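Novice: Sequence:
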Amino acid sequence: MLRKKNFRKIGILGICLFFSLVGFISLAYASGYDFRAYSVVLTKYVDQEGLVNYNGMSANSTELNVFLIGLENISRKEYENWAIEDKAAFWVNVYNAISIKAVCDNYPINSSIFKFNYPSNSIRQIDGVMDEFELTVVNEKVTLDSIYNGILRKFGDPRIHLAINAASIGHAPLPQRPFSGNKFPEELTRQTLKFLSDETKFKIDREKNVIYLSELFKEFREDFLKSYGQTDQFSHVEEEQERALLNFIKDYVSEEDKIFLLTDQEYEIDYLDFDWSLNEKPGE
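Per this note's numbering, residue 1 is the first one in the sequence shown, and the count goes up by one each step.
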C-alpha cells in the first residue's frame, strides 16, 4: 500500500509538474523574443547618455552578430503567437540593432562629397544603409526602411518614433537595455519624456512666442494626427497637424510648458534641424 500511495503521489505530482511545465512553456512562447544576447551588447557598449562605443564594438562584433543571426531562426508561427506589445518591442530592438550593425560594418565611416548635407560621421554617409543593407528576420529580408515604414508605423503608436535610434544624436538616447513587451508602454513614456526634456528637440522661447520642435515631428506629423488629431484644444493654431503635435506633447512636458502651450495667445511653431551626427561615445 505504501508503494501504491507513493506511486499515486508521484503520479499526481508528475501530472501537476507536467501542466506547470506546459503552462511555463506556453507563457515563455507567448512572451516574445529572448533579448538577453542583445542586452549584453547594450550593457557593454552603451553608456548612460545613450552613446555607443562603436570603436570597441566594431573590433569585437561577435556578440552582436550572434544576436542578429539568431533572428533568422524565428518562425512566422512563433512570431504570430506573440502579443502586440511583444511584436512592437521586438521590431524597435531589431531596428536599433541593425543600425548599430551597419555602423560597425563600416567603421570608421568614410564621408562622401556627394552627401555633404549629412555630418561626416553620419550613418547616412553609408551607401544604401536605409534601403539596401539587408538582414534576415523572421524568415524574410528586411531593411531599416522596410522595418520603419512597413512594420513599425503600422502599430499606430507615434511614440515609437521616439524609441528608435538610427545611430544618431537626433533620435532619443539609445537605452542600455532592450525594450520588452510587458513594459513597452512604460518604456515608450520614458523615451518620450527623455526626448522632450532635451532642448535640441523641444524648447519654448517665451520672449519671441516660438515653440521649437524636432524636425522628426514635422516628418511624421501625419502619424501624430491619426492618434492625437481629435482635440478641441489649440484652436488658435491653424494647422490641424500642428494641433495634433501639441496635443501629444502637452502630456510629456513640465506643467509650466503645458500651461504655455494651452494659452490662447498666438505663437509660432518652428522646427529644429535633425542632427544626423553619429551617437558615438567620445574618446573611445
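Treat the hints as calculated values from the structure; they're not laboratory data. Some hints could be false.
Stated by the list, open to error - Pairs of lysine to any residue residues, derived as SDA-like cross-links and limited to a Cα-Cα distance of at most 25 angstroms, are as follows:
#	residue 1	residue 2
1	K203	K44
2	K218	L193
3	K281	Y107
4	K154	K44
5	K101	D47
6	K203	N182
7	K44	I151
8	K281	I269
9	K101	E49
10	K87	D127
11	K258	L272
12	K44	L135
13	K141	R190
14	K281	K141
Claimed, not checked - What follows is a set of in silico ranges between Cβ atoms, one per label pair, in the way DEER data are often shown:
#	residue 1	residue 2	range
15	K154	L193	20 to 26 angstroms
16	T263	A83	36 to 42 angstroms
17	N65	T200	22 to 28 angstroms
18	P108	E240	42 to 48 angstroms
19	A83	F114	40 to 46 angstroms
20	A83	D47	30 to 36 angstroms
Just so it is clear, the structure is predicted and the values come from calculations on it, not from any experiment. Cβ coordinates follow ideal geometry from the N, Cα and C atoms, glycine included.
Novice: Each hint needs a verdict: does it hold in this structure or not?
Specialist: Tested hints:
1. Taking the CA atoms of K203 and K44, the gap is about 33 angstroms. The hint is violated against a cut of 25 angstroms.
2. Using a Cα cut-off of 25 angstroms, the hinted pair K218 and L193 holds, with the two alpha carbons roughly 18 angstroms apart.
3. The straight-line distance between the Cα atoms of K281 and Y107 is roughly 14 angstroms, inside the 25 angstroms bound, and the hint therefore holds.
4. Between K154 and K44, the direct Cα distance comes to roughly 32 angstroms. Violation of the 25 angstroms bound is thereby established for this hinted pair.
5. This hinted pair checks out: K101 and D47 have alpha carbons roughly 17 angstroms apart, not beyond 25 angstroms.
6. With a CA separation close to 32 angstroms, the supplied pair K203 and N182 exceeds the 25 angstroms bound.
7. Proposed proximity of K44 and I151 is contradicted: the alpha carbons are some 29 angstroms apart, above 25 angstroms.
8. For the hint linking K281 to I269, the alpha-carbon distance of about 32 angstroms lies beyond 25 angstroms, and the restraint is violated.
9. A C-alpha spacing of about 20 angstroms is found between K101 and E49, which places the hinted pair at or below 25 angstroms, so the restraint holds.
10. Distance hint between K87 and D127 is unfulfilled; the C-alpha atoms sit about 29 angstroms from each other, more than 25 angstroms.
11. At most 25 angstroms may separate the alpha-carbon atoms for a hinted pair to count; K258 and L272 meet this at roughly 20 angstroms.
12. The suggested pairing of K44 with L135 holds, with an alpha-carbon distance near 23 angstroms, which does not exceed 25 angstroms.
13. Straight-line distance between C-alpha atoms of K141 and R190 comes to about 31 angstroms, which puts the hinted pair past the 25 angstroms bound.
14. The hinted pair formed by K281 and K141 fails the criterion: a straight-line CA distance of about 30 angstroms is larger than 25 angstroms.
15. A hinted range of 20 to 26 angstroms holds for the C-beta pair K154 and L193, which are about 24 angstroms apart.
16. In this structure, T263 and A83 meet the distance hint of 36 to 42 angstroms, their C-beta atoms being roughly 41 angstroms apart.
17. Look at N65 against T200: about 33 angstroms separates their beta carbons, and that is not inside 22 to 28 angstroms.
18. Remark: the range hint 42 to 48 angstroms for P108 to E240 is upheld by a beta-carbon distance near 44 angstroms.
19. Judged by the Cβ atoms, the range 40 to 46 angstroms given for A83 and F114 holds: they are separated by roughly 44 angstroms.
20. The hint said 30 to 36 angstroms for the Cβ distance between A83 and D47, and at roughly 31 angstroms that hint holds.
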